[in-house]
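Peer 1: If you want the building blocks of each chain, they are given just below.
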Amino acid sequence: MSDRKKKRAHEPGRNTLLAMMVFFFLAFFLLALKDGKWESFALSVVVPAIIYVGTAGISHLFPSDRLLLSLTNFLCALGVLVLYRLSPSRGMSQALNYGVGVGCMMLCAMLVRYVRSWKWLTGLIMVGSIGLLALPLLIGKETNGAKNWFYIGSYSVQPSEIVKLALLISVSYLLSQRKVILSLLFAGACLLMLMLQKDLGTALLYFGVVFVLLYTATGSVPLLIGGVAGGAAAAVAGYQMFAHVKKRVAIWLNPWADSDGAGYQIVQSLIAIVNGGAWGVGLGLGNAQVIPEYYNDFIFSVILHEFGLVFGLVVLCMYLFIIIRGIMIARRCRTVFHALLATGCASLIALQTFVIIGGNIKLIPLTGVTLPFISYGGTSMLCSLCVIGLLQGVASRNKAGVREDRELAMQGGDTR
Amino acid sequence: MSSEAYEILALLMRYVFALIGVLIVFRSFIWLRKDARAYRKEIAALPDAGLIGEIVDLDTGKAQPLPHEGVIGSARECDIRVKGDYVLRRHARFEFVEGKGLKIIPARRGLTLLGGVEMRGPGYALHGTQLGIGSHTLRVRLFAGLNVPTPAAYPEPDTILDAADEDIPWTNITVENAYYLPEETPADAVPFGDGTRNYDGNYDDDGQMTWQYAYSLDELRQEQAKQAWIDAQEDEPAPRESRRRRRGRRE
Amino acid sequence: MKHLQKNIRRVAIFLCALFALLAAWGAYSLLTYGSRWFASSANTFMRTRKKNVIAGDILDRNNVVLATTINGQRVYQDDLNTRRAVVHAVGDSGSNVNNSAESFFASYLYGFNSSFLERLSFALRGEQRRGDTVRLTIDSKLAAYIASIFPSGKAGAVVVMNYQTGEVLTEQSFPTFDPQNITDSVKNDPQKPFFNRAIQGLYTPGSTFKMVTAASVIENYTNYDTLTLNCTGLLTLGNRIITDAGTNLQENKLTTHGNITLKRAFQVSCNNSFAQLALQLGDARLRKTAEDFGFNDNFLFRDLVVENSSYPTTNRTDGEIAWTGAGQSALTASPLHMCMIASAIANDGVMMEPKALLSATAPNGTQRAGLTSKVYRKPLTAEQAAVLKDYMRAVVTGGTGASAAISGTKVCGKTGSAEIDGQEYTNAWFVGFLDESASPYALSIVVENAGGGGSVAAPIARKIFVWMLKNGYIQ
Numbered sequence: 018m019s020d021r022k023k024k025r026a027h028e029p030g031r032n033t034l035l036a037m038m039v040f041f042f043l044a045f046f047l048l049a050l051k052d053g054k055w056e057s058f059a060l061s062v063v064v065p066a067i068i069y070v071g072t073a074g075i076s077h078l079f080p081s082d083r084l085l086l087s088l089t090n091f092l093c094a095l096g097v098l099v100l101y102r103l104s105p106s107r108g109m110s111q112a113l114n115y116g117v118g119v120g121c122m123m124l125c126a127m128l129v130r131y132v133r134s135w136k137w138l139t140g141l142i143m144v145g146s147i148g149l150l151a152l153p154l155l156i157g158k159e160t161n162g163a164k165n166w167f168y169i170g171s172y173s174v175q176p177s178e179i180v181k182l183a184l185l186i187s188v189s190y191l192l193s194q195r196k197v198i199l200s201l202l203f204a205g206a207c208l209l210m211l212m213l214q215k216d217l218g219t220a221l222l223y224f225g226v227v228f229v230l231l232y233t234a235t236g237s238v239p240l241l242i243g244g245v246a247g248g249a250a251a252a253v254a255g256y257q258m259f260a261h262v263k264k265r266v267a268i269w270l271n272p273w274a275d276s277d278g279a280g281y282q283i284v285q286s287l288i289a290i291v292n293g294g295a296w297g298v299g300l301g302l303g304n305a306q307v308i309p310e311y312y313n314d315f316i317f318s319v320i321l322h323e324f325g326l327v328f329g330l331v332v333l334c335m336y337l338f339i340i341i342r343g344i345m346i347a348r349r350c351r352t353v354f355h356a357l358l359a360t361g362c363a364s365l366i367a368l369q370t371f372v373i374i375g376g377n378i379k380l381i382p383l384t385g386v387t388l389p390f391i392s393y394g395g396t397s398m399l400c401s402l403c404v405i406g407l408l409q410g411v412a413s414r415n416k417a418g419v420r421e422d423r424e425l426a427m428q429g430g431d432t433r
Numbered sequence: 007m008s009s010e011a012y013e014i015l016a017l018l019m020r021y022v023f024a025l026i027g028v029l030i031v032f033r034s035f036i037w038l039r040k041d042a043r044a045y046r047k048e049i050a051a052l053p054d055a056g057l058i059g060e061i062v063d064l065d066t067g068k069a070q071p072l073p074h075e076g077v078i079g080s081a082r083e084c085d086i087r088v089k090g091d092y093v094l095r096r097h098a099r100f101e102f103v104e105g106k107g108l109k110i111i112p113a114r115r116g117l118t119l120l121g122g123v124e125m126r127g128p129g130y131a132l133h134g135t136q137l138g139i140g141s142h143t144l145r146v147r148l149f150a151g152l153n154v155p156t157p158a159a160y161p162e163p164d165t166i167l168d169a170a171d172e173d174i175p176w177t178n179i180t181v182e183n184a185y186y187l188p189e190e191t192p193a194d195a196v197p198f199g200d201g202t203r204n205y206d207g208n209y210d211d212d213g214q215m216t217w218q219y220a221y222s223l224d225e226l227r228q229e230q231a232k233q234a235w236i237d238a239q240e241d242e243p244a245p246r247e248s249r250r251r252r253r254g255r256r257e
Numbered sequence: 252m253k254h255l256q257k258n259i260r261r262v263a264i265f266l267c268a269l270f271a272l273l274a275a276w277g278a279y280s281l282l283t284y285g286s287r288w289f290a291s292s293a294n295t296f297m298r299t300r301k302k303n304v305i306a307g308d309i310l311d312r313n314n315v316v317l318a319t320t321i322n323g324q325r326v327y328q329d330d331l332n333t334r335r336a337v338v339h340a341v342g343d344s345g346s347n348v349n350n351s352a353e354s355f356f357a358s359y360l361y362g363f364n365s366s367f368l369e370r371l372s373f374a375l376r377g378e379q380r381r382g383d384t385v386r387l388t389i390d391s392k393l394a395a396y397i398a399s400i401f402p403s404g405k406a407g408a409v410v411v412m413n414y415q416t417g418e419v420l421t422e423q424s425f426p427t428f429d430p431q432n433i434t435d436s437v438k439n440d441p442q443k444p445f446f447n448r449a450i451q452g453l454y455t456p457g458s459t460f461k462m463v464t465a466a467s468v469i470e471n472y473t474n475y476d477t478l479t480l481n482c483t484g485l486l487t488l489g490n491r492i493i494t495d496a497g498t499n500l501q502e503n504k505l506t507t508h509g510n511i512t513l514k515r516a517f518q519v520s521c522n523n524s525f526a527q528l529a530l531q532l533g534d535a536r537l538r539k540t541a542e543d544f545g546f547n548d549n550f551l552f553r554d555l556v557v558e559n560s561s562y563p564t565t566n567r568t569d570g571e572i573a574w575t576g577a578g579q580s581a582l583t584a585s586p587l588h589m590c591m592i593a594s595a596i597a598n599d600g601v602m603m604e605p606k607a608l609l610s611a612t613a614p615n616g617t618q619r620a621g622l623t624s625k626v627y628r629k630p631l632t633a634e635q636a637a638v639l640k641d642y643m644r645a646v647v648t649g650g651t652g653a654s655a656a657i658s659g660t661k662v663c664g665k666t667g668s669a670e671i672d673g674q675e676y677t678n679a680w681f682v683g684f685l686d687e688s689a690s691p692y693a694l695s696i697v698v699e700n701a702g703g704g705g706s707v708a709a710p711i712a713r714k715i716f717v718w719m720l721k722n723g724y725i726q
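Protein chains in written order, with my numbering: chain A, 18 to 433; chain B, 7 to 257; chain C, 252 to 726.
Treat the hints with caution; some may be incorrect.
[What the hints assert, rightly or not] Cross-link-like lysine-lysine pairs, in silico, DSSO-like; alpha carbons within 30 Å at most:
(1) A/Lys-196 to B/Lys-89
(2) B/Lys-106 to A/Lys-196
(3) B/Lys-109 to C/Lys-253
(4) B/Lys-106 to C/Lys-640
(5) C/Lys-257 to B/Lys-109
(6) B/Lys-68 to C/Lys-640
(7) C/Lys-514 to C/Lys-640
(8) C/Lys-504 to C/Lys-514
[As the list claims (entries may be wrong)] Interface residues of chain B toward chain A, partial, derived using beta-carbon atoms under 8 Å:
(9) Ala-16
(10) Met-19
(11) Ala-24
(12) Ile-26
(13) Val-28
(14) Ile-30
(15) Arg-33
(16) Ser-34
(17) Ala-42
(18) Glu-48
(19) Leu-52
(20) Asp-65
(21) His-74
(22) Tyr-130
Everything labelled a hint here was simulated from the structure, so no lab data went into it.
Model, not experiment: these values are computed from the prediction.
Glycine included, every Cβ here is placed at the ideal spot set by N, Cα and C.
Chain A on its own, in the form it takes in the complex (with noise of 0.2 Å):
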């Protein structure tokens, strides 16, 4: 074997790193050619430079999971081109925040890597997230009918967004411990406040999670038909309590009703969806901000818009590669709780990722949940890319494992 061939070998996928490099170089290239910027310049070589060291240095510093890493950063990066695409301002925020992002990374990755009993880290994780909750309740801001911001200065936090990684870690830990009630009374109170501050979206997917580690950790067939029909009830009893649920539902059915009023988002990302066909508009070309909350709800539909469907499956396999990496780091768990915490961040991602482009395509009702990675928010960009330091964590964890194992296999020696 050559040399070049064994550095290869030590360094897995570097390739698509490259190729991810040259995506970005070309993509702010070809902005920066539009608009004649010098930060769209500097962006060109910026990002990739980011990209290269969020995965390889990272993974350098900290035994990670370079593929997971190298996907995520991809779709990060890729949430900072459209949005400086369409609007420079949010374009720049949001590269900060993805840095801020990858330092919280990298802590959560430690924080599951290093904390070796969780019993009184989780105690106190339930409760100040059942605090946090009750925030936005007593002094929040309601926009689109939800009221689930407050305001830290001028930050606007969410703190349903923190708490979803509270509820991963508390109740994949109560779960392990085997307490289901327990744990189901935490999550039953956490939806319960989601419901009083009408966000529905994020309630769904937090009953999706919890109900996936439920089933996960106990396998019990009543439980899933249980789940099942409680969730529907849930959603019956939703649809009929809330107006805007009637009214978001009434939407989905059929949009074109009122192609000019409600039904205006969901029409106006149809229609930009449409107009991209296979290849998109091309990079700069597209009118995507028509769309209202284009920078957050809808940004799917501007990637597809600009570039094409093609890009957006390519785009969608990135969060299935996501979510299959995520389940086979659970899979080679050897505790409870961390094959359940990954198992609930894959489907956290997942079921996140399907509630919001099933309802740019009008699969399903839409809701108001970001894309993770690539939406435009501090709060979302910050959990999604935590969601995968818990996962780093696990993976870290099951490589030490391994590598324990192999040095004792080296030593030898029988059962003692």
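For chain A, the structure is supplied; the task is to place chains B and C on it using the hints.
Peer 2: Okay, now just chains B and C, sitting in the frame of chain A:
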């Protein structure tokens, strides 16, 4: 740059972007598959990966691999499956705690003994500890090299053959296990000595197995294990040997 | 751990299935509805595109220019009457008319289908890119003539199509407007001139639905020839009373037909008899025939966006079923769909898909799309169609549609007078065709709030057919 020229360039680039995207997805897929294969290969080379020892059912002589965490019970999905009277479907959970041993968390309804004492709450089992699960008695055997306290009074098992060559598995079979073979002696068991002795002669007055008989059984099992090992050698190149002793019935 | 592994695998399969669902739904909905979304008047993306591309011309079937671009301005046909007559088929630059050629064929007109190389060649030559030229199946002269004879001030629609190929010769909605000069009075007109009634308007078909009821009888009863129906003039079913045209219950005046055959009942359009037939057939059989003719189907034609017709599925009391047999109740159909039903009868039971695009030609002469006739459904056998043809011929020779008759030409048809709540007069319908192999044309006319089909719509049909025969519509 003129808008028409930019348009043409952007239209060209969209194919490039899609191509790079497809390329990345393709490479990632290959990467994913390669990694899964490499992991499988690594695990195959480490038969004990993810295990911390084994649990021997002293009533049936069956040994089961012991993962870091899991459930003991009679249900099919249990990691340590024990079928017998008074064994619940999920009888006890166990969890390996570094520095403390194997934490056993018994179900409230079942009868669980740890070292002969009934458990009222979680307790730690160490290497050699006997666990009473319903009507069954299990013995915990932990791998050497794990960070666990050494049991205070645990007799080292007597090794019959002192030439304890690590690479030859049948040398490790001990008398200590033989004592807990099933009471119904297998029909194909070789009687001790010239074969004319009464079957009952294998037990002493107290009903305990005589050591001669035990040794003869051990010899038989060594023969069987040897044959199995030789067969295995012929079938495939030897993987790195397990620290769990081979019993010819390894899954 | 062991059971966890199994469960995690199941969860993984579930999550992958979700993603597969996303991709499958996306592909399905784009393939089936994509062209509709694209053609919607809410599509503002095209307006931004119009800056960079010279929109292609729209021609009628005789290559009369209906719309072109001069100095970046969209200009429509010079002649005001023609311009007004074809406005719903062609559309307007402000996208006020939904699903017109301007929006539905925009991908051709704005050159979205042109390849990268074509664009490059335009750029290298330094020219502004041109869209494709779209040739429609409509005939602007015919349309102008129809507009000139349509009762002035009335709302309504006319559709003429070739029943052998499915080409739509004209689809007109009234009132019309001038696309070059859209005034506020047009925008605020209560009759909604922008609305294309021919394909989007859902009307109660009235007696024209008896074509379907009669088809159902012929399909289900072999002795349809000898059936004797007893029309007493009044049929009371629960709180619904079925009467015939001309009945005035206050004055105790009833229209009765006595004992009549199916053919006679069809000829004189006897509601009473058809109500009895519908009850005898029952809801299921009648609905099946109606669905064979395209009711309750999701029309996804390639060239036209036609509103779906509906045969009611709920609230089916005997009274409702009886009225359905006579074409009232909650039935709805667009004029184009009624024209297609007549076409199916004319074309030996084969219903063709309506076509609006004759060809789309790139600036360099390559043809991107052409006319390909396609069978949509086969609701009848040739024999059944022949019987119905005979009935419809009888309507014109000696029935309600006598004023559509042209000597020497076999005109077949069915009149209709649909009662609409809150309207002074009935909606006048005439659906018919020329049973001449050299002139395979079917039409449907609806005039809102105008009176009886035989007196208002049938003469219009006659005039249209006469004009067509005079102006070379003989193959």
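Peer 1: Each hint should be assessed against the structure and marked as holding or not.
Peer 2: A quick look at each hint next to the structure:
Annotation: proposed proximity of A/Lys-196 to B/Lys-89 holds, straight-line Cα distance about 26 Å (limit 30 Å). The hinted pair formed by B/Lys-106 and A/Lys-196 meets the criterion: a straight-line CA distance of about 23 Å does not exceed 30 Å. Annotation: proposed proximity of B/Lys-109 to C/Lys-253 holds, straight-line Cα distance about 18 Å (limit 30 Å). At roughly 95 Å between alpha-carbon atoms, B/Lys-106 and C/Lys-640 are farther apart than 30 Å, so this suggested pair is violated.
Taking the CA atoms of C/Lys-257 and B/Lys-109, the gap is near 24 Å; set against the 30 Å cutoff, the hint holds. With a CA separation close to 87 Å, the supplied pair B/Lys-68 and C/Lys-640 exceeds the 30 Å bound. Annotation: proposed proximity of C/Lys-514 to C/Lys-640 holds, straight-line Cα distance about 11 Å (limit 30 Å). Under the criterion of a C-alpha separation no larger than 30 Å, the hint pairing C/Lys-504 with C/Lys-514 is consistent with the structure, at around 25 Å.
Contact between B/Ala-16 and chain A, as hinted, is supported at the beta carbon level, the nearest pair being about 4 Å apart and thus within 8 Å. With 8 Å as the threshold, the beta carbon of B/Met-19 comes within range of chain A, its nearest partner Cβ sitting at about 6 Å, so the hint holds. Taking 8 Å as the C-beta contact cut-off toward chain A, the hint placing B/Ala-24 at the interface holds, the least distance being around 5 Å. The restraint placing B/Ile-26 at the interface with chain A holds, with a minimum CB-CB distance near 5 Å, inside the 8 Å limit.
A cut of 8 Å between beta carbons decides the hint on B/Val-28: the least distance to chain A is about 6 Å, and the hint holds. A least Cβ separation of about 5 Å between B/Ile-30 and chain A falls short of the 8 Å threshold, and the interface hint therefore holds. Hint on B/Arg-33 holds. Least Cβ distance to chain A is approximately 4 Å, under the 8 Å limit. A distance limit of 8 Å between C-beta atoms decides the matter here; for B/Ser-34 the minimum to chain A is near 5 Å, and the interface restraint holds.
Against a cut-off of 8 Å between C-beta atoms, the interface hint on B/Ala-42 holds, since the closest Cβ of chain A lies about 7 Å away. With its C-beta approaching chain A no nearer than about 7 Å, B/Glu-48 sits inside the 8 Å limit, and its interface hint holds. Interface restraint check: B/Leu-52 against chain A, minimum CB-CB distance 5 Å, threshold 8 Å, status holds. For the restraint placing B/Asp-65 at the interface with chain A, the shortest Cβ-Cβ distance is roughly 20 Å, beyond the 8 Å limit, so the hint is violated.
Taken as an interface hint, B/His-74 checks out: its beta carbon lies about 4 Å from the nearest beta carbon of chain A, inside 8 Å. Among the interface hints, the one on B/Tyr-130 is violated; its C-beta lies about 15 Å from the nearest C-beta in chain A, farther than the 8 Å criterion.
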